[in-house]
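A.B. asks: The primary structure of each chain is shown beneath.
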Amino acid sequence: MALPKEYRIKEQEVTDHALYLRRREFIVGSMVFAVSAFTHNAAKGEQTKPDQLTPKRAVTSYNNFYEFGTDKRSPAKLAKDFKTEPWFVAVEGHCAKPGKYPLEDLVLSQQIEERIYRLRCVEAWSMVIPWKGFELGPLLKSFEPTADAKFVRFETLYDPVQMPGQKRKVLQWPYVEGLTIQEAMHPLTFIATGLYGEDLPNQNGAPLRLVVPWKYGFKSIKSIVRISFEKEMPRTSWNLSAPHEYGFYANVNPNVDHPRWSQATERRIGERGRRDTLMFNGYEQAVAGLYTDLDLTKWY
Amino acid sequence: MISKKFFTSSSLTYFVAFIPAYYLLYQFYFGLAWIDPIEEGLHGFGIWALRFLLLSLAVRPIVRLSHQPQWMRYRKIFGLASVFYLCCHIVIYVLYDQDLMWRTVVEELTTRFYLLIGLVAAIGLLSMASTSNQYSIARLGHNWQRLHQGVYFWASLVVLHFYLSVKADFLEPLIYAAILLWLLGLRGWWRMNPGS
Ligand code: HEM
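Line by line, the protein sequences are chains A and B.
So the first sequence is numbered by our numbering: it starts at 52 and just counts up by one.
So the second sequence is numbered by our numbering: it starts at 30 and just counts up by one.
Check before you lean on any hint, since a few could be wrong.
[As the list claims (entries may be wrong)] Stretch by stretch, here's where chain B covers chain A in the computed footprint (C-beta under 8 angstroms, at least three residues):
(1) 111 to 122
(2) 211 to 225
[As the list claims (entries may be wrong)] Simulated restraints, written as ranges between beta carbons of each label pair:
(3) 292/A <-> 91/B: 34 to 40 angstroms
(4) 293/A <-> 215/B: 32 to 38 angstroms
(5) 176/B <-> 347/A: 47 to 53 angstroms
(6) 324/A <-> 192/B: 25 to 31 angstroms
(7) 162/B <-> 219/A: 31 to 37 angstroms
(8) 219/A <-> 130/B: 34 to 40 angstroms
Calculated directly from the structure, the hints in this document are not laboratory data.
By construction, the Cβ of each residue, glycine as well, lies at the ideal position given by its N, Cα and C atoms.
Go ahead and model the full structure; you've got the sequences and the hints to work with.
C.D. replies: See the structure below:
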């Protein structure tokens, strides 16, 4: 998906990739989210390993995107010719401005910025990815959700011809994810339209995907075609597939194991050994307030 | 010229049986496996351990159908190859996945059902491999037969281990389960109808 020129980050038009990587040390602003995690970690007296960007090659060749096969290598191959233009997003449910919006309209009205976030997969591996995109909250507000909008439901494209993984019912298609309205409006919640300063590769969820950095990766739904404001908690794909293993909230939590493996530690892709998994993936200070009344063991 | 004997020799078979291992080890150290040793190493070696185990079980029916008794020795070769892949599977789990944290290895092996099953199967298969030499065969006598008939049981545990390790896509373990069931059925049928 090519964005109109004036909405690209200016510096990236003139920096090549290597320069861009070096430049990352200076983008202090976007690092704030990552940095707050170190201090948190150090405060607990744990060993602190600095976060480093995961190489782009790993970010774009190692993907869980079951619509393009369950093997982590297959999305990069099978999504090569995926067509993301034209792209429409249907907005439905409890809001004043439902409709079918062309992608350009949605993206053009938003402030494009870069955010470096950790991504923690429920399978106990993790990456650090420089996303490009915008906050979800302002976009949602522009649809004027009503008081009945307690949850936001997201849907991925359903197109078995383009998405061969959908030919078998490995999961319930189309893929569905959801957030509470508070989670969706949280300033950390992000819609990515790119990574490493470039347009989002197809295998990473082009042309637009959700990024919720304090939740397990499967919450961050890819290639979104439908957003609906709902009164009831939506049934999400992984939750339907194995309710005792994948909850609706799916907050990163080192103290609540997956039934088949521990979530206390993780493998950072490209790094030797393991590192401790942080509460809410290190974004505890920013998001713990959302869950003060929630039993995180019961609502995993 | 390479003699005909070479093509039927055990050493060639061993060489061929290790081709996936060369590939996996190459991937592991020079390829993309650093991205995630679990995905590349653990799964790759696990799958080939199971494949060679099933191949080993298929030797007897093949010999019977083809009337080529000299092929019988492949049963042992494939069995040992399976155990070699199994050992790599376990080493990668302990060394790369669990980062040599023995306490968590023990904890995981005893608390995760699918790992416990894998461990039991591994012990069974290793006990067979370690008694596959002439000395053990002579010493164990009739008990050797008994020990090695357990292979179907260990193989079922391996398939269960595989099935339980999968998140959503059960097609692959089910295919292996079907192959194993077919081999078991064939064996049972021949037992009941020895003449056929
Ligand atoms: C101490 C014994 C064993 C341990 C610790 C072990 C560990 C594991 C682990 C951690 C996984 C991957 C789970 C995941 O997807 O995250 C796995 C999968 C697997 N293991 Fe084992 N295992 C053991 C024994 C065995 C044996 C005896 C065999 C076969 C002879 C075997 C074959 C497999 C296969 C085929 C898979 C699935 C690979 C795939 O999904 O592609 N394992 N094992």
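A.B. asks: None of the hints should be skipped; say for each whether it holds.
C.D. replies: Against the structure, the hints:
1. 111 to 122: Holds, because 4 residues of the stretch 111 to 122 of chain A bring their Cβ atoms closer than 8 angstroms to Cβ atoms of chain B.
2. 211 to 225: holds (count 3)
3. 292/A <-> 91/B: 34 to 40 angstroms: Taking Cβ atoms as reference, residue 292/A and residue 91/B lie about 39 angstroms apart, which means the hint holds.
4. 293/A <-> 215/B: 32 to 38 angstroms: holds (34 angstroms)
5. 176/B <-> 347/A: 47 to 53 angstroms: With Cβ atoms ~49 angstroms apart, the hint holds.
6. 324/A <-> 192/B: 25 to 31 angstroms: Since the Cβ atoms of residue 324/A and residue 192/B sit about 30 angstroms apart, the hinted range of 25 to 31 angstroms holds.
7. 162/B <-> 219/A: 31 to 37 angstroms: About 45 angstroms separates the Cβ atoms of residue 162/B and residue 219/A, which means 31 to 37 angstroms is violated.
8. 219/A <-> 130/B: 34 to 40 angstroms: For residue 130/B against residue 219/A, whose Cβ atoms are near 37 angstroms apart, the range 34 to 40 angstroms holds.
The structure does not agree with numbered hint 7 stated previously, though it agrees with all others.
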